[in-house]
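Asks: Take the sequences, apply the hints, and build the full model.
The residues making up each chain are set out below.
Protein chains: 2
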Amino acid sequence: MLFNLFIMNTPSHISHGMWRHPESRSLEYNDLDLWVDMARIAERGKFDAIFMADIFGLYGEFRGSWDAIAEHAVQFPVSDPSMLISAMAHATSDLGFIYTNSILQQHPFSFARSASTLDHLTKGRIGWNVVTSVSKNGSRSMGLPSIVEHDERYRWAQEYVEVTYKLWEGSWEDDAMVKDRAAGVMSDPRKIHKINHKGERYSVEGPHLVEPSPQRTPTLFQAGASSAGMAFAARHAEGVFMISGPPQASAAKIAKVKALAAEAGRGPDEILFMEGLTFVVGSTEEEARRKEAEYDEWNDVEAQMAVMSGTIGVDLGSADPDQPLTDLIETAPGMRGTIQLVIDTVRGRTATVRDLLAFSTKQWRVVGTPESIADKIEEYHAAGVDGINIMSMLVPGTYTDFADHVIPVLQERGLAQREYAPGTLREKLFPGSGPRLGDNHPVASYRKSV
Amino acid sequence: MLFNLFIMNTPSHISHGMWRHPESRSLEYNDLDLWVDMARIAERGKFDAIFMADIFGLYGEFRGSWDAIAEHAVQFPVSDPSMLISAMAHATSDLGFIYTNSILQQHPFSFARSASTLDHLTKGRIGWNVVTSVSKNGSRSMGLPSIVEHDERYRWAQEYVEVTYKLWEGSWEDDAMVKDRAAGVMSDPRKIHKINHKGERYSVEGPHLVEPSPQRTPTLFQAGASSAGMAFAARHAEGVFMISGPPQASAAKIAKVKALAAEAGRGPDEILFMEGLTFVVGSTEEEARRKEAEYDEWNDVEAQMAVMSGTIGVDLGSADPDQPLTDLIETAPGMRGTIQLVIDTVRGRTATVRDLLAFSTKQWRVVGTPESIADKIEEYHAAGVDGINIMSMLVPGTYTDFADHVIPVLQERGLAQREYAPGTLREKLFPGSGPRLGDNHPVASYRKSV
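From first to last, the protein sequence lines stand for chains C and A. For what it's worth, the numbering used here labels the leading residue of the first sequence as 1, then goes sequentially. For what it's worth, the numbering used here labels the leading residue of the second sequence as 1, then goes sequentially.
It is worth saying that the hints were derived from the structure and are not from the lab. It cannot be assumed that every hint is accurate.
The list makes no distinction among identical chains, and a pair is therefore deemed to hold if it is satisfied within one copy or across any two copies.
Stated by the list, open to error - With a cut-off of at most 25 Å between alpha-carbon atoms, the simulated SDA-like pairs for lysine to any residue come out as follows:
no. : residue 1 : residue 2
1   : Lys123    : Asp37
2   : Lys136    : Arg201
3   : Lys448    : Gly143
4   : Lys179    : Asp37
None of these values were measured; they are calculated from a predicted model.
Replies: Dropping the structure here:
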């Protein structure tokens, strides 16, 4: 299985409140030393990559304002992840760097140039997490009147990747970069092509400004959970990131995307599925539970409610955390399914909003000894999950615990690599694939036929 | 005086043909090791900064096509400079990183975020070289029908910097980032402001996504030589980069910009002027001349003609390098002044196109012993030049020669620093200034009054 260190360039990514823990280094997120240390921890644990999430704009409002977003650090402030990569790359040799770039954030011509530059500098260790932004505020900060409608965002994403594919795959032929010192020829203009893209949103002449990088197209990741998102992933992604909860839920999502991928002419093993989980590791179950309880003392319920509000699109700000969940079924119809699940599985009809919040974080939390955690990961593996995005409770404690204690057990069981495979990120994730995407991926149609 | 290592993320920046020299490492420009080595050379020489030029798009056409641009590597291919910075920053402690970002290249909201991120990661060592792009091809690759007219580009730049100033200076008050672990408060929303910019080209809600970085606004550089460019520099720049040739030419330009700066209410010492020069260093004059002759064997006349054509806006492609210059006076009226200068000073009426090209490179080349080079630099100093952007002939040989042989002589004469001043790039360049821009700079009007 593959393992990624999952994080955002922000003081509080997912386990809100944990930045206050005395051992947390989250507040050092603007210091390169923290990032270089994390890259080294990840490489020590033979993780495949650091997967850098991002949010381009403020989270949705809560209690009618973004006060709680700021006070409780709900992924705000948030710095640019791409700027961290070259320092981490220079301190490592095999670790991959998957970073998020929203189609909202940069023109594809500029983005393609930056991504190719990074693919060179890392010797082919770059992955791109393609996202269509959800932040209304982010849209308005980029001059768009409001959020672009969901399906339209995916049509936009389709054109965006098309432009990047043309630049990465079609602009330079393989032997265009000559570098002939004796003849004094750097590159062969007959083998470098303007792309002359003219589409609905973009008009791009080209050529690509960067010579072909090891992977050309970075390894492609996606995390969309909507039907438009899954269709996009099925067509384009080489890795899909999910936060599904129990293994059965992962399995259901994997089946859906694989079916769509088959329709798009892609093979069942061309997409890797990664589940987001966090871990609390102890040398005994009891120690792990004690550690979890200690972590939970730092939990920030207000931040969680703000996140939950943003996620479900209902402002939970008016809800008392101790209010019975049954009340909410009426006021927040969009949550009915989840609420019913909590009522059924947690505390029956006395369940409160607090129980809902606890449920929503605990569904992606695994607590135990390295052995019991490995057992749980095996369940995900059996359900068809190819890898885990390790989310943090403590930065960087969660990652060091996993790298130093869980990975060795997984290695014993043959579930985690002991050494890196050679080559680019793509070759490491898909052994035998070669550094470039295969011929049945949409990129292939933009290559010049030889 | 200040000294910068001047370079572009491309295999051939200025001394075209030198990439073929056996000792050149220019072809390694996509390898981080080269950049980390250069940062260390620069810091060893107590240089103030690495100044990274950029070109966003292809150079102008030559012989009616861009074939020569590709074959002779006229600043093509060209990778993204910003991606190099964190690796170089992590390998150094005091060196500044001045990088070029064209207003064409990125939306100001995205750019401001990246620049603030870098200013954090480098602990305040970032400078921004503001450019309005000149590449017609670059414009067309970003969806603009053709090049934007010159003065209009500076109006665009004016709005662009205004947006960034609002984000950097006006969005977060000084004490907005609370980081109070005990109270569980990350930041104070009452002290973080949306900017709600509505201008001709941009509409930006804000807030800035990054908490205030050490300098907030990166140290600002500019290189415009036109009147609109000089007016912009006078108003905004803290450093002006020139390639003027002899010291008297530098002095004339400095006087012009200083007069404009005074009109804009800025003091005579608020702008530093840097001249671009390259150096060939020998232990004797004779050795230096021999080395120069050896370097000149690699000189690529075709590339030079392409560059000269782009610079003067006349396609020199039809000119035989051995054609008498007198012929050209008729066909290229825009060059009359320069041509007459070469005829007058170089070889009289037998001067050829080749002489013109040699003249244009030699005017920014200083050849000699460390002592005679220091003498020449003193002449620039006496003419009011505050610093030198060291352009390369050999990468990285030119820089190591300068750092190891010329700098010690300049230090002896009190013209180069022996140790770095503490603090941010701004504080290093303007001792006693504090990390942020002063109150008579336009940024000040975007600050919240306390």
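Asks: Give a verdict on every hint.
Replies: Okay, the hints, checked on the actual structure:
Taking the shortest Cα distances, Lys123 and Asp37 sit within 25 Å of each other both inside one copy (20 Å) and across copies (17 Å). Taking the shortest alpha-carbon separations for Lys136 and Arg201, both the intra-copy value of 19 Å and the inter-copy value of 20 Å come in at or below 25 Å. When the C-alpha separation of Lys448 and Gly143 is checked against a cutoff of 25 Å, the pair qualifies only between copies, where the shortest distance is 23 Å, while the shortest distance within a copy is 36 Å. Taking the shortest alpha-carbon separations for Lys179 and Asp37, only the inter-copy value of 22 Å comes in at or below 25 Å, while the best intra-copy value is 37 Å.
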